[in-house]
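FYI, in mature numbering (1 follows the signal peptide of the UniProt record, and there is no 0) the residues of the sequence shown are -27 to -1, 1 to 539.
Hints are computed from structural coordinates only; laboratory data are not their basis.
Note that the structure is predicted; figures quoted are calculated from it, not measured.
Don't be surprised by glycine CBs; every beta carbon is placed ideally from N, CA and C.
Please note that a few of the clues may not be correct.
To be verified - Cβ pair distances, simulated, as ranges:
{"#": "1", "residue 1": "T387", "residue 2": "D494", "range": "21 to 29 Å"}
{"#": "2", "residue 1": "V274", "residue 2": "M411", "range": "27 to 35 Å"}
{"#": "3", "residue 1": "T236", "residue 2": "L122", "range": "53 to 61 Å"}
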Amino acid sequence: MAVLPPSRRRLTLLLMAGCFLLQALSAHAITRHYKFNVVMRNMTRLCSTKPVLTVNGKFPGPTLYAREGDNVLVKVVNHVANNVTIHWHGVRQIRTGWYDGPAYITQCPIQPGSSFLYNFTITGQRGTLLWHAHINWLRATIHGAIVILPKLGVPYPFPAPHKEDVIVLGEWWKEDTENVINQAMQLGVGPNISDSHTINGHPGPLSECASSQDGFKLKVENGKTYMLRIINAALNDDLFFKVAGHELTVVEVDAVYTKPFTTDTLLITPGQTTSVLLRANQSAGRYLLSVSPFMDSPLQVDNKTGTATLHYANTVSSSMAAPLILIKLPPQNATSIVSKFADRLHSLNSKEYPANVPQTIDHSLLLTVGVGVNPCPSCINGTRVVGTINNVTFIMPSTPILQAYYYNIPGVFTQDFPATPLHKFNYTGSGPKNLQTMNGTRVYRLPYNASVQVVLQDTGIISPESHPIHLHGFNFFVVGRGVGNYNPKTSPSTFNLIDPIERNTVGVPTGGWTAIRFRADNPGVWFMHCHFEVHTSWGLKMVFVVDNGKRPSETLIPPPKDLPHC
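Given these sequences and hints, build the entire structure.
See the structure below:
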């Protein structure tokens, strides 16, 4: 056997070490196992106690941690009397739509005493998302964070923080939320509003029955930088978030890195996430965190401010020794703050994180989003307020649409969802005289890999209102937004096709429009709906069906054996 000279041996060893390193890096993706027990727990907030649906007895629920590329297995066991599903909000679910979670869209609910194993892989995503129940109003308390870390050895595209904290914004009702929406649906009117906003499950130190030491506490050290992963898990409110005396540098939204920018006020719609860097550069003390509503329409909203406190290390905890630094809240109708915040959001569009915006369009849709009024003999006024997209109020089927599509079950849905409004009118005006809508379980079908543009147009029927629209199964690029009616001749000239923000949930401005683009590269059945839960309950929702491609890697996987039965 020939003996290599020392120089050749060193080169061979270096090459072998490089190969081992590459193998080790490729093997870093692992399978992560979680168990979610859906259980009832008594909880006390705002001077009263009530039973609450939770995961593992926690509100908010446990944070799910993974790295980009990891396989995630979550066994959900239903120990309560309600049917349950879990949606992994923002997870792309490439070819794994069976595990997406919306009840009667991709699966039957997990019935009492039953379980279901969700099985998905985190592909091409890193950042902050959320999980929540996706049936009725159960997500009021069944929700939590998803933290997707970069692959091992891959740094953040911004200075690494000293520490990371998850902050979940939400709402609290003294009443059972299922009773709230059921009563509203029976009467045909809007539901009661929540009794408070919350930060990590607590109304905070300034709320009813609270002391100065109550609520979530964010502990920091002077001179260090912290990343706050902030999630809006509220049912029905767009929310402002502020930290007294501190500015926030936005670095990521909806698990997509952004061009960093600094602000003192965040606007986060239900279903959206925003990660920020906070520099602890103030004098020792306690500083208020606040969450307050944004509503620029003449509609009722919960105006209670949720609070928490930021504590500098070595600050005496006594309220006498460390006075609380307060916040000037943004006006509830601060449209200009919201518009400015939206305009400052841009994708990185770097070599490592490109913005692959579709430059040409195969399918162009104009969708009006709003409400209508339908007859209801049993309702209090003989009518019922309904949600609508292109004047179609979506009727939930009793057989999941994904199963009907996969097994060719007839009579569950029709493929005639209109790409444009059937009746043209001044969309942001008062609307037509006839406010009645069409009912139906209609879907819009897309061929695999089609490039799609959707213009989401608010309407002035009853009242113009902002709408946080969430698309399952995809990220999309927000290429444009404006006030008034979308003009197909002039509005596209304002589009940003270079570095628009990429996300999964977008706020359609009150009395305005938003244009999004995405590539239909994920076969399956994908829900799109308003993330105000009241509007979803009313029928402001629709479904895209995306066909399989030609290759196995472009084909929906078969259903799992433990898929729940209806």
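Notebook entry, point to check: Which numbered conditions among the earlier hints are violated in the structure presented, ordered from lowest to highest?
Noted result: Per hint list: single violation, 3.
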